[in-house]
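Chains as they are written, first to last, in this note's numbering: chain A, 1 to 344; chain B, 345 to 877.
It should be emphasised that the hints constitute simulated quantities derived from the structure, not laboratory data.
Fair warning: there could be bad hints in the mix.
Stated by the list, open to error - Across the chosen pairs, the derived CB separations fall in these ranges:
{"hint": "1", "chain 1": "A", "residue 1": "SER13", "chain 2": "B", "residue 2": "LYS711", "range": "43 to 49 Å"}
{"hint": "2", "chain 1": "A", "residue 1": "ILE130", "chain 2": "B", "residue 2": "SER424", "range": "35 to 41 Å"}
{"hint": "3", "chain 1": "A", "residue 1": "ILE130", "chain 2": "B", "residue 2": "GLY831", "range": "27 to 33 Å"}
What the hints assert, rightly or not - Which chain B residues stay away from chain A? Per the calculated CB distances, all over 12 Å, these:
{"hint": "4", "residue": "PRO462"}
{"hint": "5", "residue": "LYS468"}
{"hint": "6", "residue": "LYS473"}
{"hint": "7", "residue": "ASP567"}
{"hint": "8", "residue": "ASP575"}
{"hint": "9", "residue": "PHE597"}
{"hint": "10", "residue": "PRO600"}
{"hint": "11", "residue": "GLY653"}
{"hint": "12", "residue": "GLY666"}
{"hint": "13", "residue": "PHE712"}
{"hint": "14", "residue": "PHE715"}
{"hint": "15", "residue": "ARG720"}
{"hint": "16", "residue": "SER792"}
{"hint": "17", "residue": "GLY797"}
{"hint": "18", "residue": "ASP832"}
For each residue, glycine too, the CB sits at the ideal point set by N, CA and C.
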Amino acid sequence: MTTPRLSSAAVSSFVVASRYVPVYLALLLLIGVAAIWAPETLSSVSLRAIAPYGALLGVAALGQMLVVMTGGIDLSTPGTVTLAAAIMVGVGQGSDERIGIAILTAVGVAALIGLVNGLLIGGINLNPLIVTLAMGQVVIGVVNRYGRTFPVQSPVPEGWSSWTFTRIMGISPVFWLGLAITLLLILGFRYTSVGRRFQVVGANPVASHVVGIRVNLNRILVYVVAAVLYALTGVALAGLLKTPGVSVASQYLLGPIAAVVIGGASLTGGLASSMSTFAAAIFLTGLNQMLLTLGLPTAIQNVVFGLVIIGGMLVSGDRIIKAVERVLRERRRPSRLKAETTEA
Amino acid sequence: MSEVSKETAPTVLELTGVSRQFGAVRALSDVSFECRAGEIHALVGENGSGKSTLLGIASGFVEPDTGTVRIGGKELRTDSPALARKLGLAMAYQDGSSVGAEPVKNNFYMAAPPDKRPPYWRRKKWARKLLAEFDLEMELFPDVPAGYLTMAERQLFEVAKALVTDPKVLLLDEPTTALGPDEVEALHRTILACKRKGVGVVYVSHRLPEVLEVADRITVLRDGKTQGTFDARATSEAELVERIVGRPFDAAFPPPTPRKEEPREVLIVDGLQGQSFGPVSFILQSGEIVGIAGAEGNGQPQLFDCLAGRTPPRAGRVVCDGKELSLISTHEPVAAGLMLLPGNRKTEALMGVLGVRVNATIQSLDKFTTFGILRRRAERRAVQRLVEQLEIRTPSIDQPVEFLSGGNQQKVSVARSFLREPAVIMAYEPTQGVDIGARFDIYAALRSRADAGAAILVKSSDPIELSGLCDRVLVMSRGTIVEEIPGDELSEVRIVEAIVRGPGMSKSARSPLGAAMPKAPSSSNGSSVEGSA
Numbered sequence: 001m002t003t004p005r006l007s008s009a010a011v012s013s014f015v016v017a018s019r020y021v022p023v024y025l026a027l028l029l030l031i032g033v034a035a036i037w038a039p040e041t042l043s044s045v046s047l048r049a050i051a052p053y054g055a056l057l058g059v060a061a062l063g064q065m066l067v068v069m070t071g072g073i074d075l076s077t078p079g080t081v082t083l084a085a086a087i088m089v090g091v092g093q094g095s096d097e098r099i100g101i102a103i104l105t106a107v108g109v110a111a112l113i114g115l116v117n118g119l120l121i122g123g124i125n126l127n128p129l130i131v132t133l134a135m136g137q138v139v140i141g142v143v144n145r146y147g148r149t150f151p152v153q154s155p156v157p158e159g160w161s162s163w164t165f166t167r168i169m170g171i172s173p174v175f176w177l178g179l180a181i182t183l184l185l186i187l188g189f190r191y192t193s194v195g196r197r198f199q200v201v202g203a204n205p206v207a208s209h210v211v212g213i214r215v216n217l218n219r220i221l222v223y224v225v226a227a228v229l230y231a232l233t234g235v236a237l238a239g240l241l242k243t244p245g246v247s248v249a250s251q252y253l254l255g256p257i258a259a260v261v262i263g264g265a266s267l268t269g270g271l272a273s274s275m276s277t278f279a280a281a282i283f284l285t286g287l288n289q290m291l292l293t294l295g296l297p298t299a300i301q302n303v304v305f306g307l308v309i310i311g312g313m314l315v316s317g318d319r320i321i322k323a324v325e326r327v328l329r330e331r332r333r334p335s336r337l338k339a340e341t342t343e344a
Numbered sequence: 345m346s347e348v349s350k351e352t353a354p355t356v357l358e359l360t361g362v363s364r365q366f367g368a369v370r371a372l373s374d375v376s377f378e379c380r381a382g383e384i385h386a387l388v389g390e391n392g393s394g395k396s397t398l399l400g401i402a403s404g405f406v407e408p409d410t411g412t413v414r415i416g417g418k419e420l421r422t423d424s425p426a427l428a429r430k431l432g433l434a435m436a437y438q439d440g441s442s443v444g445a446e447p448v449k450n451n452f453y454m455a456a457p458p459d460k461r462p463p464y465w466r467r468k469k470w471a472r473k474l475l476a477e478f479d480l481e482m483e484l485f486p487d488v489p490a491g492y493l494t495m496a497e498r499q500l501f502e503v504a505k506a507l508v509t510d511p512k513v514l515l516l517d518e519p520t521t522a523l524g525p526d527e528v529e530a531l532h533r534t535i536l537a538c539k540r541k542g543v544g545v546v547y548v549s550h551r552l553p554e555v556l557e558v559a560d561r562i563t564v565l566r567d568g569k570t571q572g573t574f575d576a577r578a579t580s581e582a583e584l585v586e587r588i589v590g591r592p593f594d595a596a597f598p599p600p601t602p603r604k605e606e607p608r609e610v611l612i613v614d615g616l617q618g619q620s621f622g623p624v625s626f627i628l629q630s631g632e633i634v635g636i637a638g639a640e641g642n643g644q645p646q647l648f649d650c651l652a653g654r655t656p657p658r659a660g661r662v663v664c665d666g667k668e669l670s671l672i673s674t675h676e677p678v679a680a681g682l683m684l685l686p687g688n689r690k691t692e693a694l695m696g697v698l699g700v701r702v703n704a705t706i707q708s709l710d711k712f713t714t715f716g717i718l719r720r721r722a723e724r725r726a727v728q729r730l731v732e733q734l735e736i737r738t739p740s741i742d743q744p745v746e747f748l749s750g751g752n753q754q755k756v757s758v759a760r761s762f763l764r765e766p767a768v769i770m771a772y773e774p775t776q777g778v779d780i781g782a783r784f785d786i787y788a789a790l791r792s793r794a795d796a797g798a799a800i801l802v803k804s805s806d807p808i809e810l811s812g813l814c815d816r817v818l819v820m821s822r823g824t825i826v827e828e829i830p831g832d833e834l835s836e837v838r839i840v841e842a843i844v845r846g847p848g849m850s851k852s853a854r855s856p857l858g859a860a861m862p863k864a865p866s867s868s869n870g871s872s873v874e875g876s877a
């Protein structure tokens, strides 16, 4: 059994990376299509408008991605985002001095929601789908009640919303914030032992338990971290919208999940790329904008959006990597293939 | 014991020239086997000699590559368990084919074919009559829910349930592993009752004394071939052992090197007791490789899981490298220097989608971390070195391990112990699914860990591997260590003899009410070890 040395390392890193390729291809395709049919989408005005919303979807999607990496799913996203936005109004009371306390409250309350999710899912092993769906419902109910304690159309503190409309290098700081969070996660996974252990837990919880990693702790805390990211999304979204209502976050249910899938994450856990997930969020926001520019009716927009997500699943990471490996295996030495199958 | 005239009795199960291949493994080659009506025909052999495959083919679960199966004179043409049942074959399963919430009588009722069922309201009386017929009326009661039966009772219950279908031939697969001497006696009474009724019984077991007690004829399997069929009264245990062993083996073993330092006691296990094993006591010294032998299903995996902190112990004390362990988390033993190499690599040892590097260093990240930041270059270097040292064949150190062969996957798992250097390594079937070439590398790797001062516990179902690799071997039976074979006596024959003689536990040994275990749940008989599981 001899292993050919030629560029085999490159082949194996190509196999690993292949799952994240489709999202960038899709992004290129979108730019191409937009340039032909809806060039206004690519105007600097339009891009400036998209960037902060794309980044916000990206931050929420990163939270969802972390949860998906542990083999779970979080459907409480819209609830948490809306609550955070409402807290910016309710606690902020329109006064600039209260911006800090409002943000801290939003993040703190979200962390608590995440902790409850985490304890129910990671601690006592309830089904993540149902727990987070129910928790989202509870939070939405609380927000509705809470929204009645202050006048309708109350704004967030003036200072906060004007900050989100400032420009850093021509783009809203919200976009840079999202990019910074993405970079932070990339570095965290690459260079910290905490990130490494977290990734391993997602890839195989049973084996992780055997090697002595605290699997349940990881599975509990991931919901807290995810909820904090949702809260940051809500806080920034409130700034962008000035007067967030109670239904601001309805597109944050499917959107982040779609970004995670299109970004090439493995839905069984373990593998995901923060960069691709962020890129997928930008792609989805851009697609939405293009459909708006084309002036399609809302019904058609929804259909196209849904079809794109299904298309994303068709070329999802797990399927891609299997196909790539199969092609490579057939082209590689048949003798080794035989040796491998006999040991199955 | 009333004898049905053997020569005239019809053949109820007949396998002719049966072969079956699983991948590269020839599980059975050209095996012929027959069982006559009113006969108890035992089938003996080592783990992996083909007994289970033979039963699988006879009962229609496994399709033979060549050869025919005839049940009650009719050929079983397709691999259909339902057809086999219809032709008059019944099999008692090890566990789990009953509805736990329903009482015994209802389980019997459901097991019976519709034309043999009594009117529904008479089922209790019917069940009682059946039990009396098979001499089990003192052991089983019709109204007890099946889920409340102890492990031993359930075994008898499974046999009785198989008999409800009024079969021509009954297959029993290792029915006595969970039974104490009294229950074995009850089981044998039942089998003899079947024999009197003219049912042919195929009795698979590795315990020769029990086999010799009830069987009429004994067929020995080795490496998927029959080694002959013997008349039970005209043969001896020694003669059978000779037939069972003697497999050629073509891997060399690394020689133990003379110890440089004074051995220390690195693992002390004292009266450890848990789910379906115990009490177990032994001591491992640094630098030695100790084998765990025994037929499958005698508590070995449970012992390993418990020591690794995967299932909490019921009683007992474990000290590793001077630290007392509570074994309530997996984190604790790893931190104390007790490392498990699990048998099931795919599900329990490796993160298949992740690369060789990530898999190898996961237990030693602290070594490559300063203030929580990974030193990736040091990590890569260390893994690269190990890949060369252990000859792991992989295109790169970031190749996902699920694309490696079994032997190389196992090497990745072993590599963890080189990086972490634990005081104790527990290897569960380290060479299962590993090709011959890689086997030697794994033996050498384990030996080099031992030479570096680790104590190694190896569970293997292969007596040749144990005799070649280990410094001494502990034999497990029914959850306890029944014998220790010292290094100078180690041989394949010696290990197989110890396994097949398998002295049963005394009742007091099986009872958790021993003096050392005040915390264990109380029960009137030994079966509670399994019963409360």
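These are the hints, each one checked on the structure:
Checked against the hint of 43 to 49 Å, the pair SER13 (chain A) and LYS711 (chain B) fails, with Cβ atoms roughly 24 Å apart. Look at ILE130 (chain A) against SER424 (chain B): about 40 Å separates their beta carbons, and that is inside 35 to 41 Å. The beta-carbon spacing between ILE130 (chain A) and GLY831 (chain B), approximately 57 Å, falls outside the hinted interval of 27 to 33 Å. Taking the minimum C-beta to C-beta distance to chain A, about 43 Å, the non-interface status of PRO462 (chain B) holds against the 12 Å cut.
In this structure LYS468 (chain B) is separated from chain A by more than 12 Å, as the shortest Cβ-Cβ distance comes to about 40 Å. Taking the minimum C-beta to C-beta distance to chain A, about 46 Å, the non-interface status of LYS473 (chain B) holds against the 12 Å cut. The non-interface label for ASP567 (chain B) is consistent with chain A: the shortest C-beta to C-beta separation is roughly 17 Å, beyond 12 Å. Taking the minimum C-beta to C-beta distance to chain A, about 39 Å, the non-interface status of ASP575 (chain B) holds against the 12 Å cut.
PHE597 (chain B), annotated as away from the interface, keeps every beta carbon of chain A farther than 12 Å; the closest lies near 21 Å. With a least CB separation of 28 Å from chain A, PRO600 (chain B) remains clear of the 12 Å interface cut-off, as annotated. Under the 12 Å C-beta cut-off, the non-interface status given to GLY653 (chain B) relative to chain A is violated; the minimum distance is some 8 Å. Non-interface call for GLY666 (chain B) relative to chain A: holds, since the shortest CB-CB distance, roughly 19 Å, exceeds 12 Å.
For PHE712 (chain B), the requirement that its beta carbon stay farther than 12 Å from each beta carbon of chain A is not met, with the minimum near 8 Å. For PHE715 (chain B), the shortest C-beta to C-beta distance to chain A comes to about 10 Å, within the 12 Å cut-off, and the non-interface label is violated. Taking the minimum C-beta to C-beta distance to chain A, about 7 Å, the non-interface status of ARG720 (chain B) is violated against the 12 Å cut. For SER792 (chain B), the requirement that its beta carbon stay farther than 12 Å from each beta carbon of chain A is met, with the minimum near 21 Å.
Residue-level check passed: GLY797 (chain B) sits 21 Å from the nearest beta carbon of chain A, beyond 12 Å. Interface exclusion of ASP832 (chain B) from chain A stands, the closest Cβ pair being 35 Å apart, more than 12 Å.
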